[in-house]
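Engineer: Residues per chain, in single letters:
2 protein chains.
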Amino acid sequence: MPLDAMTVTIAELAGHRGETVTVAGWVVHHRSSGQIEFIVLRDGSGELQAVSRGETRTRLESRLAELTQETAVRVGGTVRPDPRSPGGIELEIDDVQIVGRSEGFPIGPKEHGIDFLMDHRHLWLRSRRQVALIKLRAAIIRSLRNFLDNNGFIVADPPVITPSAAEGSTTLFAIDYFDEPAYLSQSGQLYLEALAMALGRVYAFGPTFRAEKSKTRRHLTEFWMVEPEMAFCEFEENLVWQERLVEAVVQEVLRECPEELAVLERDLTRLRSVRAPFPRITYEEALALLEPRGLGVQWGEDLGAPHETALAEAFDRPVFLTHFPIELKAFYMQPDASNPRLALAADLLAPEGYGEIIGGSQRIHDLALLERRMADHGLDPERYRWYVDLRRYGSVPHSGFGVGLERLVAWIGGVEHVRETVPFPRTLTRLWP
Amino acid sequence: MPLDAMTVTIAELAGHRGETVTVAGWVVHHRSSGQIEFIVLRDGSGELQAVSRGETRTRLESRLAELTQETAVRVGGTVRPDPRSPGGIELEIDDVQIVGRSEGFPIGPKEHGIDFLMDHRHLWLRSRRQVALIKLRAAIIRSLRNFLDNNGFIVADPPVITPSAAEGSTTLFAIDYFDEPAYLSQSGQLYLEALAMALGRVYAFGPTFRAEKSKTRRHLTEFWMVEPEMAFCEFEENLVWQERLVEAVVQEVLRECPEELAVLERDLTRLRSVRAPFPRITYEEALALLEPRGLGVQWGEDLGAPHETALAEAFDRPVFLTHFPIELKAFYMQPDASNPRLALAADLLAPEGYGEIIGGSQRIHDLALLERRMADHGLDPERYRWYVDLRRYGSVPHSGFGVGLERLVAWIGGVEHVRETVPFPRTLTRLWP
Chain Y
1 MPLDAMTVTI AELAGHRGET VTVAGWVVHH RSSGQIEFIV LRDGSGELQA
51 VSRGETRTRL ESRLAELTQE TAVRVGGTVR PDPRSPGGIE LEIDDVQIVG
101 RSEGFPIGPK EHGIDFLMDH RHLWLRSRRQ VALIKLRAAI IRSLRNFLDN
151 NGFIVADPPV ITPSAAEGST TLFAIDYFDE PAYLSQSGQL YLEALAMALG
201 RVYAFGPTFR AEKSKTRRHL TEFWMVEPEM AFCEFEENLV WQERLVEAVV
251 QEVLRECPEE LAVLERDLTR LRSVRAPFPR ITYEEALALL EPRGLGVQWG
301 EDLGAPHETA LAEAFDRPVF LTHFPIELKA FYMQPDASNP RLALAADLLA
351 PEGYGEIIGG SQRIHDLALL ERRMADHGLD PERYRWYVDL RRYGSVPHSG
401 FGVGLERLVA WIGGVEHVRE TVPFPRTLTR LWP
Chain Z
1 MPLDAMTVTI AELAGHRGET VTVAGWVVHH RSSGQIEFIV LRDGSGELQA
51 VSRGETRTRL ESRLAELTQE TAVRVGGTVR PDPRSPGGIE LEIDDVQIVG
101 RSEGFPIGPK EHGIDFLMDH RHLWLRSRRQ VALIKLRAAI IRSLRNFLDN
151 NGFIVADPPV ITPSAAEGST TLFAIDYFDE PAYLSQSGQL YLEALAMALG
201 RVYAFGPTFR AEKSKTRRHL TEFWMVEPEM AFCEFEENLV WQERLVEAVV
251 QEVLRECPEE LAVLERDLTR LRSVRAPFPR ITYEEALALL EPRGLGVQWG
301 EDLGAPHETA LAEAFDRPVF LTHFPIELKA FYMQPDASNP RLALAADLLA
351 PEGYGEIIGG SQRIHDLALL ERRMADHGLD PERYRWYVDL RRYGSVPHSG
401 FGVGLERLVA WIGGVEHVRE TVPFPRTLTR LWP
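Protein sequences, first through last, are from chains Y and Z.
Counting from 1, one number per residue, gives the positions in the first sequence under the numbering used here.
Counting from 1, one number per residue, gives the positions in the second sequence under the numbering used here.
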């Protein structure tokens, strides 16, 4: 009885040529061609073509007829080489057991509108493209973590529930914490600065939240960030860590995810050129570049998505945009010693219009300067008392940055909208499923 | 000028014997003994004894006098073997640069009350024991992820902001989501079931939230969970994954964290015996074990912390407690085919009184049964429409479990209270810093 044979995943099948095995999975599609039935199966690890013909087909006829899209099955058979099949093998079916029926699966090969697909996200996730995106995201997470772990960074996750805001409070989600006001964290940075003074190099990797009323292809209300923070690290070294990290992740994904990138039809030549060092332009240089392109900006004004896209188009790899007017940036950023109107901050812009994927800066380490900047921003010193303490006891120059995971996945995967880069996206208009 | 020498971390020093290097870090303590000054430094990667004597000491005298606890310094010198020092090396100081002063650091070698330490958590994190705990936590996170990644599990994180509750709504934190009611997730499980149908084996690794008014050493309001979920996986296989995972993590930590476990004064013999398979007792057997110990429980009543501790004491490794009365468990748990009054659920109890570290179960895959159980629990079918959909389209037997990270760290580290196992704990009475 073939269904007693060892159950193997589709990814493992290539190591079982000539053997009798069982595969457990779901029907992707099913067609007859003359005397042969072709059934494509998926099990999460990959896709497989299973075939049935001759006597077996006659014996299994009634069961084969029930194999609609997304029917769950256990299929026993023999693994055979077949150069025309995906993966170079196919399964010659001996027996089929129906585990779970599927009638009228709502998502077919035809085009569906995005609202319909998002309402059926729990089922849409089974499609080839969505599976590829989740796997790509998982590979990118692994690569980010490995790079940091292998370079002496200690993962140390700051709290999500916080009593005060890292960067202004207009875009915070408020919660009731046993009758005390509290907020969902927008960034773990302030906490990471405390941790860097204890551990040297640290990072956080978790969800962050912004109640932004933006409905763009780059915005989610709940998104994941990787936030490294380093003691005894100044602006220049901070940029080097960023470009090394991004290069390592992109090159590793090219090596490890060829199938996922193929499903996503990603142009690989654009990714292969992502090698450190990355070009750097100052805010002032950016204004000079934008002016002749009809995107003139007054000194002191912020740059938007069209500006970022235009700047990124001038380069074949990510580009650092540095030395912003200090008024545009958060209170904790270190002013440039040679021109205190500028912040030692940098945004890393991805190519191809994906915009900012990293924001980082050197942090103020001088107590008096930090207190002056907090007063300029009208911040309540009592709320930041513990943060200011870090400048009282062995303060050191330190820097850090935050990588937006979904934007990184969108860029590497070549995906138009960040909503496809996370299993269950949360946006201004979507909280379900 | 020695401070121009290459800056190396303390962990790297052993590879630089005889060389002139610079170390950047903080003063742990500082004492004179006759003609020699001993300065213990930390930099997050480790601790180092630096010494100064003779002419150099005279030359540096005024600067050395300023090296109070937690002063940040750059110290240049020569790496020398010294069998009496930690790590077998010491640094013979050539020069010292003060980077950040520290006057009156609030946490000294004397005993402090827990409220004082928690109010100064941002500084307390620098102590040897807290550094060891954060590093132990990081090693456990890495080990959990590696085990899952290497066994075909795809990380796929469910949302934190959710429109409905996984297990009742009495302990949920509510948030205002653009004027819609929403909650912080207590578990990603329902979403992970959808993802398992797409990807086979998946896991989540992120923060979860419970607004429980419990003030015990085992409770945090914000805590991290690892939640694996597997399609085509029944109750028995689910237990095997759990014991393999816990064995792998404990044995890896024993190999990789000897220094941290020594700082924590952990009894290693108790950890060495953590080898799969783990013993299993049913709820019914547990009642029989508890009765003669003066902890009698009526069939159908839940077990509390004292019962868990008493049960765990009967074994030298973690023990599975299985087959609970179905009324005690969540609506989605599969009843035992041989006795439908029992749920195919298991809690894994850690030894030494640490209580439940894993909760898991086989999930209901039959549509009619799930709908009946939801009605029994008075759940609104509309809210769970997408979840029920999973039983309409290719439903398969599936199982999963959730590991409480902080409890796992507390047990492996031998720490009395979970509040020390997370950088900035959140409890009923603590939201600051």
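Any given hint might turn out to be false.
[What the hints assert, rightly or not] Ranges of calculated distance between the beta carbons of each label pair, as one might list FRET restraints:
#1 Q298/Z - R63/Y: 45 to 51 Å
#2 A337/Z - T58/Y: 32 to 38 Å
#3 P277/Z - K213/Y: 26 to 32 Å
#4 W299/Y - G113/Z: 49 to 55 Å
#5 E19/Z - E285/Y: 37 to 43 Å
#6 V240/Z - D82/Y: 54 to 60 Å
#7 A375/Z - R63/Y: 28 to 34 Å
#8 G34/Z - E234/Y: 35 to 41 Å
#9 L369/Z - T7/Y: 44 to 50 Å
#10 E285/Y - E61/Z: 46 to 52 Å
To be clear, the hints were calculated from the coordinates, so they are not data collected in a lab.
Given the structure is predicted, the values throughout are model-derived calculations rather than measurements.
Where a beta carbon is used, it is the ideal one built from N, C-alpha and C, also for glycine.
Engineer: Just pull the numbers of the violated hints for me, sorted ascending.
Structural biologist: Hints 3, 6 and 9 are the ones this structure does not satisfy, whereas the remaining hints hold.
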